[in-house]
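*Asks:* Each chain, written out:
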Amino acid sequence: MSRLDDTFAALRRRGERALVAYFTAGDPSLDETRRLVAAAARGGADLVELGVPFSDPLADGPVIQRAGARALAAGTTLPRVLETVATLRADVGVPLALFTYYNPVLAFGLKAFARTAADAGVDGVLVVDLPPEEADPLAAEARAAGLDLVHLVAPTSTPARVRLIARRSRGFIYVVSLTGVTGERHELPPGLGAQIRTLRLVTTKPVCVGFGIARPDQVRAVGRLADGVIVGSALVRLVEERAGAPTLAADVERFVAELKAPLREPPGGSGESHRPRPQPGGSGESHRPRPQPGGSGGGRPTQNK
Amino acid sequence: MTRAAALPDARGHFGRFGGRFVPETLMAPLVELERAYARARRDRRFQARLAALLADYAGRPTPLYLASRLSEHCGGARIWLKREDLCHTGAHKINNVLGQALLAERMRKPRVIAETGAGQHGVATATAAALLGLECEVYMGAEDIERQALNVFRMRLLGARVIPVEAGSRTLKDAINEALRDWVTNVRTTYYLLGSALGPHPYPMMVRDFQAVIGRETRRQALAALGRLPDVLVACVGGGSNAIGLFHRFIGDRRVRLVGVEPGGEGLATGRHGASMTAGAVGVLHGCMSYLLQNDDGQIATAHSISAGLDYPGVGPEHAYYRDAGRFEFVAVTDAEALEGFQALTRLEGVMPALESAHAVAYAMRLARTLPRSASIVVGLSGRGDKDVHVVARALGVELG
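From first to last, the protein sequence lines are chains A and B. The numbering used here puts the first residue of the first sequence at 1, with every later residue one more than the last. The numbering used here puts the first residue of the second sequence at 306, with every later residue one more than the last.
If you are wondering where the hints come from, they were derived from the structure by calculation, not from laboratory data. Glycine is no exception: its CB is placed at the ideal position from the N, C-alpha and C atoms. Incorrect hints may appear among the rest.
If you want the footprint, here are the derived chain A segments under chain B, 3+ residues with CB under 8 Å [stated by the list, open to error]: (1) 74-86; (2) 106-115; (3) 120-130; (4) 154-163; (5) 174-185.
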């Protein structure tokens with residue numbers, strides 16, 4: 001069992017869903033990234049994704065593009081990101097995944113990357129421009145090093161591709177919620193419920209949803225469908241707006257806590273009056289193991305506003 | 306080396322190059338495109354319609370012209386020009402665009418998007434969109450918009466929307482990033498009309514097939530005019546579509562040298578160039594594995610060339626394959642040499658080449674001097690130079706009104 005497997009198993013036992021917090025590594029600096037990851041963990045993030053900045057981030061929207069440009073300007077490289085993870089591990093136990101484009105990994109060398117990342121304490125890696133058809137060389141090295149290679153499934157994925165991805169993905173399956181680039185959206189995509197139900201038919205692996213999810217009410221709605229919710233651009237934008245402010249880490253911790261709170265609620269619905277409209281396509285709960293009652297976030301101070 | 310006709314393999318690989326390195330959202334649409342193209346390729350009506358448009362609309366076949374005065378000037382091999390500059394819209398780009406636009410129509414995609422560097426591919430795409438009644442948006446780096454104002458206005462006149470790209474180096478590679486972001490977002494209604502022989506499978510194969518008409522004509526024309534095959538083919542290489550188009554039919558003709566000319570910019574030693582084959586390393590960009598200009602950390606470098614159309618830090622995967630196989634040679638020509646080639650061809654033949662093509666002219670002149678008079682060099686004259694007149698003026702220190 002990998003640390004990712006353990007994390008999702010423990011969450012299921014507690015009746016919670018994972019909050020996955022994304023930061024662009026090195027924005028505004030790798031020192032700051034270390035503090036931000038610790039803050040996110042304190043705020044209740046169950047998994048942290050670190051984006052490896054790339055010169056040509058064709059899957060990213062403007063917010064993460066800008067963050068990547070700042071990180072590169074600050075001298076961030078993949079080897080330095082891995083060094084940062086290694087030092088982080090002294091005080092942060094939360095699982096970590098790298099979110100990267102393929103070329104920096106290729107330039108590092110597949111075997112060297114997988115070993116160095118695993119040794120540094122990285123648990124998983126997502127390569128946004130590496131579909132399963134091209135992933136065998138990295139998958140072999142990742143498996144040998146004990147690193148989970150996570151694959152992404154998209155709204156355009158055909159049923160055959162969904163099966164292939166579900167079979168190949170390790171740790172969890174990353175559901176891209178929409179056809180588009182990363183970035184905040186006002187509305188959740190209408191087909192999301194159906195997309196996740198289709199996926200649940202072919203896998204029991206944990207399912208995390210990302211792209212376009214920015215607010216606690218959106219997190220709550222997606223949390224009814226998935227095992228985890230990934231928030232990226234909203235956090236990166238917060239970092240952009242508050243960079244340099246003494247309260248940055250505290251602000252991030254507070255926002256992460258707000259995002260996590262609805263994921264501690266029993267997924268069947270708590271009857272809260274401020275609950276958003278139900279997801280189109282119904283609850284989609286039936287494929288998930290029943291959560292344990294009474295496991296909702298005891299002792300955590302922050303409540304959803 | 307595998308037989309040319311067999312490449313790429315079923316998964317779009319040219320040996321270790323090519324492939325399909327894209328976000329998952331694009332995988333199913335690329336398979337759909339591959340199937341639609343395979344059907345179109347076998348469909349006689351599609352092929353007949355394309356052939357008719359190439360003949361009656363684009364002006365094919367283009368001449369193979371003996372540049373006698375230029376050859377005399379160099380004092381060696383005879384230099385022939387494959388006159389793609391005489392194609393409708395002024396460059397070889399139209400060959401590929403007509404093929405793909407017919408495919409877009411066949412796939413019932415009402416909207417086409419394209420990237421453009423010098424603007425030639427953008428103009429060709431806007432032209433085909435006007436012809437077929439398709440909605441057209443063209444992504445173009447903000448820096449290229451400044452250097453190619455004439456082509457920008459041509460696209461607008463043709464009814465296309467030109468979208469400036471401010472990200473990154475504000476040139477062709479950033480325009481491709483933005484076009485791919487658009488395609489990821491609007492993939493159900495939109496056809497991405499990629500302009501060079503790069504990107505994810507099936508683009509390198511498809512663009513090559515549509516451009517291969519250049520080499521087929523050249524081979525036939527050379528046999529008729531010379532009674533034999535030429536000794537050397539020379540073409541400029543940015544992404545590599547005109548070069549692969551010219552070379553492809555000759556790959557099996559082992560005695561014909563095939564030389565790609567890369568932009569040497571201000572000189573390879575300065576680091577300000579676009580010579581991916583000469584100075585790059587293998588990596589993945591824009592959906593395929595090939596040679597790229599990049600740093601040790603895998604970050605893509607900014608290419609530099611006086612010609613916006615060669616200002617790209619990579620090259621198509623089929624070129625990478627034949628480079629490693631030893632079949633294609635690659636050389637670099639600097640901005641200054643290209644300007645000399647531009648002026649020489651203009652003065653001696655009354656043919657004003659695009660600055661892209663001027664790189665090939667410059668190398669052919671250099672090479673001709675080293676070869677006997679009995680030898681023949683064919684230059685892929687990929688485009689005409691009107692669009693570059695102001696760039697040339699600035700480089701020569703002339704103020705235009």
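*Asks:* Take the hints in turn and mark each one as holding or not.
*Replies:* These are the hints, each one checked on the structure:
{"no.": "1", "hint": "74-86", "result": "holds (count 3)"}
{"no.": "2", "hint": "106-115", "result": "holds (count 3)"}
{"no.": "3", "hint": "120-130", "result": "holds (count 3)"}
{"no.": "4", "hint": "154-163", "result": "holds (count 6)"}
{"no.": "5", "hint": "174-185", "result": "holds (count 4)"}
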